[in-house]
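There are 2 protein chains.
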Amino acid sequence: MTTTATTLKGQPLDRQALDAMLRRRLFFTPAFEIYGGVAGLFDYGPPGCSLQANIVDIWRKHFILEEDMLEIDTTVLTPHEVLKTSGHVDKFADWMCKDPKNGDILRADHFVEDVLEFRLKGNKEARGEKVEEEDDPKKKKKRKTKTEAVKLDDNVVQEYEEVLAKIDNYNGTELGELIKKYDLKNPATGVQPSPPVAFNLMFQTSIGPSSNLAGYLRPETAQGQFLNFAKLLDFNMQQMPFASASIGRSYRNEISPRAGLLRVREFLMAEIEHFVDPEGGKKHHRFPEVDAIELTLLDRHTQLAGKTDVKKMTIGDAVRNKVVDNETLGYFLARIHLFLQKIGVDMSKVRFRQHMENEMAHYAADCWDAELLTSSGWIECVGCADRSAYDLSVHAKKTGAPLVVRERLDEPLIFEEWQVEIDKKKFGPQFKKDGKTVEAALEATAQEQREKLAKQLTDNGELELEVAGVGSGTVKVSKDLVKIEFRKRIENTREYTPNVIEPSFGIGRILYSLIEHVYWNRATEDGGDEARGVLSFPPTVAPTKVLIVPLSANKQFQPFINKISQKLRKIGISARVDSSSATIGKRYSRNDELGTPLGITIDFQTVQDSTITLRDRDSTKQVRADEDTIVAAIQSLVNGAKEWKDVAAELPAFEGQEVDVTVR
Amino acid sequence: MTTTATTLKGQPLDRQALDAMLRRRLFFTPAFEIYGGVAGLFDYGPPGCSLQANIVDIWRKHFILEEDMLEIDTTVLTPHEVLKTSGHVDKFADWMCKDPKNGDILRADHFVEDVLEFRLKGNKEARGEKVEEEDDPKKKKKRKTKTEAVKLDDNVVQEYEEVLAKIDNYNGTELGELIKKYDLKNPATGVQPSPPVAFNLMFQTSIGPSSNLAGYLRPETAQGQFLNFAKLLDFNMQQMPFASASIGRSYRNEISPRAGLLRVREFLMAEIEHFVDPEGGKKHHRFPEVDAIELTLLDRHTQLAGKTDVKKMTIGDAVRNKVVDNETLGYFLARIHLFLQKIGVDMSKVRFRQHMENEMAHYAADCWDAELLTSSGWIECVGCADRSAYDLSVHAKKTGAPLVVRERLDEPLIFEEWQVEIDKKKFGPQFKKDGKTVEAALEATAQEQREKLAKQLTDNGELELEVAGVGSGTVKVSKDLVKIEFRKRIENTREYTPNVIEPSFGIGRILYSLIEHVYWNRATEDGGDEARGVLSFPPTVAPTKVLIVPLSANKQFQPFINKISQKLRKIGISARVDSSSATIGKRYSRNDELGTPLGITIDFQTVQDSTITLRDRDSTKQVRADEDTIVAAIQSLVNGAKEWKDVAAELPAFEGQEVDVTVR
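Residue numbers (full-length UniProt numbering), protein chains in the order written: chain B, 1 to 664; chain Y, 1 to 664.
Treat the hints with caution; some may be incorrect.
Repeated chains share a single entry, so a pair holds when one copy, or any two copies, can fit it.
What the hints assert, rightly or not - Derived lysine-lysine pairs resembling DSSO-like cross-links, with alpha carbons at most 30 Å apart:
#	residue 1	residue 2
1	Lys567	Lys621
2	Lys432	Lys398
3	Lys130	Lys311
4	Lys432	Lys570
5	Lys567	Lys283
6	Lys570	Lys645
7	Lys398	Lys311
8	Lys433	Lys181
9	Lys555	Lys61
10	Lys185	Lys121
11	Lys425	Lys166
12	Lys322	Lys479
13	Lys642	Lys563
Since the hints were derived computationally from the structure, they do not count as laboratory data.
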């Protein structure tokens, strides 16, 4: 599924050049690099850290503040029992194969995908068709052999393509069968790997000095939110629906991390758990606000048919046509779309893909991923799952905690029914260790059975009940121990377990994909001979908003630098001064790479009349005005009230060339 | 060292009432409580989460933005080798004892402290002196026995008090000796616990599918910053001094967590690593700005003399008198003082305590803790250590990475010296496996020795050198393998390993101590019969800034609620609407407990003339004005530009009683 990646301006994206630039500018860097590094662990340097903070800040405003969600902060360390109950201990696993020759450990689905894509490429070469360049340099490097130009039959090509379209839908056995069927071999050794086995993705540790409390690093923030459900409902004064939200790190012990920030072992998540009444079709009162928003959808049926064709559709139509199951799920898909747009993602490189049955997490009833197109293909950046009542139910069952909503009914409900009343004081002594089992069996009887048992009590003074595992399998209970009567029951409250709609964001994946979407190359555009990378972040997201550049190291400029820095700091706009001895052009070029949207030059005219120039990163155009006017312009650009074209229309253009004045 | 804790208004602090209030309002809650909880793990609910975010936000502005620090975000997972090198694998441990009877695991220093404090209390009782109440309910509960009134000799009392004053200075052997000497017994069983053994406080895990890469959860964020030193120096364009900073979670597997948020296993830290040239006395160019700030100091010598008397001193005098080692360390102590003041800490409950020799972490050259007085005694909330060149040196030595600063010298330095030149090609074949050892021994020779060896080469054509472990312990090296000559060497750059000053903040401890400092009780003040807790957070720190209260559920109020909510949201001020059916008094009381500083009431007069009232939490006084005036007043209160008394002087007071109007 590799697709030729392009820059913001449609140029072919040179992944290696981009990676080098990001490392040079310290957006991120492999963690522990001086110790040789650890796969899947990355540190964010100052620009990456700031970019991440800005994305999180916009996220918090767009979701939490906009909808009064209850933000909580829970622990990463999680005891075994919690994740056993949630199903993660048993089911949170990937399929892993081992190469019997060199001991390589391979993630089974990625292995199948890689080898089939490799063969399809070889086929194209053999047929003399254009072969797309491998964008991911790491993937490229891993290959020991060059693509072999082997022609495949048309039906084989179609078969491979169909397998690839639904690669996420195979379980371990099926992946093993594909490996055998197509005789897939590890390119490093030329041998077929062992059949896939499940590998649990959670990091394990033990808590406390006696080492007997097993625990894990959480694989998601969700469980901490579910366990606090009853307290949050209380805090929300019993009002439904409501959402909790959490921003924090989670951990997955990936089998073979690759593709930089896109598959890492420690990552920042932002997760929302929206609790909703399962009755009444999961409506959302703000759905009309998003009804007309058009999304790009790739549904389950299309994928199972071996295709990847997307449909454009308003979310309103998608819900009405049952492509998307319900309004609340649809509401959040549209809100996710708006969020991605707000931070500057290229919306022509976004699709919402529905999970296929086997692909869905063990807890999910329906799930859509927002996928972003990058040089590593379509990357899942946001998941939006309907977890139904799964989690609250299993935790309530395990702990006995009432993770339910009790709603006062306007009209009380009246039931007429057979009720069982057990005299517990006498029950224990009579049945000893089997007491509880017999009690439970009595409680579990259905209405019709109760009617019969009541008759037995009246007729015989005792009833006979089958209870597996107690005595001969049939027990007798006399009428002084139990009563069964037909009575009226009035319910004033309705009790239900809410369903959960969960939008879940991988911040690192979004951050990296965004970088690819806003990256372009100035050289190709203006015909210069040196590649000059630019990151066109929107001002709201950019790590630093303003670069302040004095024309030279002349001391006369210093008071102006100090004054403008202080003014910007006071209104909360991050600026950096570059008074290094590099040419102005080089200094602006460095900041193109950092994605700084605005530049201020302080020159000799500033000393005379206190005017300064403001430069737009993307167009390299400049305007000139007095300090306060420029600061006001910056503020309106940074808070999103204006765009550059508005500022350029209002203020006088400055045509001074970007002269490369070299200074001491 | 228990001290009677008081509220903001000097009332005795009822710890149990406070704890109950904080849990009721969901500031924090034991994690996994429905599963029985795990000691030392806590979740923050919405108000705690918001309070934490506000403290972090002020921290970021006060430190990172104010001084252009380089913020980075590094991984928690850390491979074994890194923490082996840093010394944490061998030395990051507490002393632990085991009760042989019931298997209780006790932290040795806490155990000694508890038993001695218990005996001192018994002595006071026996002497008929006033005994302070135990504030910490958990500690109280743990005791099976009541204090026994046993009188102690005066010299024993003095001995115990001296031990307690320097309790942090004992190592495991010494703690074991104290246990034997004073026959200290576990109150739960009446037996003496086993001698203390070291227990490493790091959580261990393994990284990757083959389980062979051992790793830990970081115990501090510092190592991630040190490992990126060379990249950060590059990013800072080789400018020194500079600081990096990091805000993130760290983990310590505490032996027996207690005292709520004060000793937990997972916590948020904010750490600064300020890199400074060790030469020139570690001056700081902004030191004059803080010179006159007065701090409360408890130095090392006082504690070693068995006392806890503090001294008040300006930081300028403290540095000049060598109480505090250097300007940079002093500068940060003063900045820490200002930060604590800014967030609303009661400065009469703050002291800076110097570490004693044995108490200091293995990497520290000097260290001062900012301690805050709480109901659990004096709590270390900020550490400020001079880590010298320790960390950078050990990592550089282990990895070979040049974690140094290279500074171009204005005047080149010229050295005349004996230089050793080894012909490595011939050296290997001659000495085989001992080659490297002999080479190293030659390189390690001092100037005088070289002069003698040069003479041997000239005179005998070979030199004789003692090399332990090679052959007979003396090797001969002939002149075709080595030259030793007197030459001139010119150095244009100076190379040095920076020293590190590290201010390190435990955000959770600060947050909890702050809560105790701003807590008070309205009942005792105004003579009411019901205890009404208040948290007087400064508006900048308060979780929610404004409570909006409609007088009743009357629908006429809704448009006004919406309008004022939107206006506040637009200027980034967090507000909450409480339109519940509780009385206005109850609703304000609930928000006293949440620490919401301001309240807006919307009543029938609002509907007529669009005026609203603004209420001050602390004085319960109200003013009334039109919406825009009130919003402007709120903004100036929240950003700290004005205090309530300013607003009260400017706007007309509203004397309307707080009538408890019960609504449907």
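A quick look at each hint next to the structure:
For a Cα distance limit of 30 Å, the shortest separation of Lys567 from Lys621 inside one copy, 23 Å, qualifies, whereas the shortest one across copies, 36 Å, does not. For the homomeric pair Lys432 and Lys398, the shortest alpha-carbon distance inside one copy (24 Å) is at most 30 Å, but the shortest distance between copies (67 Å) is not. Proximity of Lys130 and Lys311 under a CA criterion of 30 Å is satisfied intra-copy only: 27 Å inside one chain copy versus 80 Å between copies. For a Cα distance limit of 30 Å, the shortest separation of Lys432 from Lys570 qualifies neither inside one copy, at 76 Å, nor across copies, at 67 Å.
Taking identical chains as interchangeable, the C-alpha atoms of Lys567 and Lys283 lie at most 30 Å apart only when they sit on different chains, with a minimum of 28 Å there against 48 Å within one chain. Taking the closest pair of Cα atoms, Lys570 and Lys645 come within 30 Å of each other both inside a single copy (26 Å) and across two copies (25 Å). For the homomeric pair Lys398 and Lys311, neither the shortest alpha-carbon distance inside one copy (43 Å) nor that between copies (56 Å) is at most 30 Å. Within a single copy, Lys433 and Lys181 get their C-alpha atoms no closer than 54 Å, and across copies no closer than 52 Å, so neither meets the 30 Å cut-off.
Only between protomers do Lys555 and Lys61 lie at most 30 Å apart by alpha-carbon distance; the minimum there is 28 Å, versus 42 Å within a single protomer. Taking identical chains as interchangeable, the C-alpha atoms of Lys185 and Lys121 lie at most 30 Å apart only when both belong to the same chain, with a minimum of 16 Å there against 76 Å between chains. For a Cα distance limit of 30 Å, the shortest separation of Lys425 from Lys166 qualifies neither inside one copy, at 59 Å, nor across copies, at 59 Å. For a Cα distance limit of 30 Å, the shortest separation of Lys322 from Lys479 qualifies neither inside one copy, at 54 Å, nor across copies, at 89 Å.
With identical chains, the CA atoms of Lys642 and Lys563 are at most 30 Å apart both within one copy (24 Å) and between copies (25 Å).
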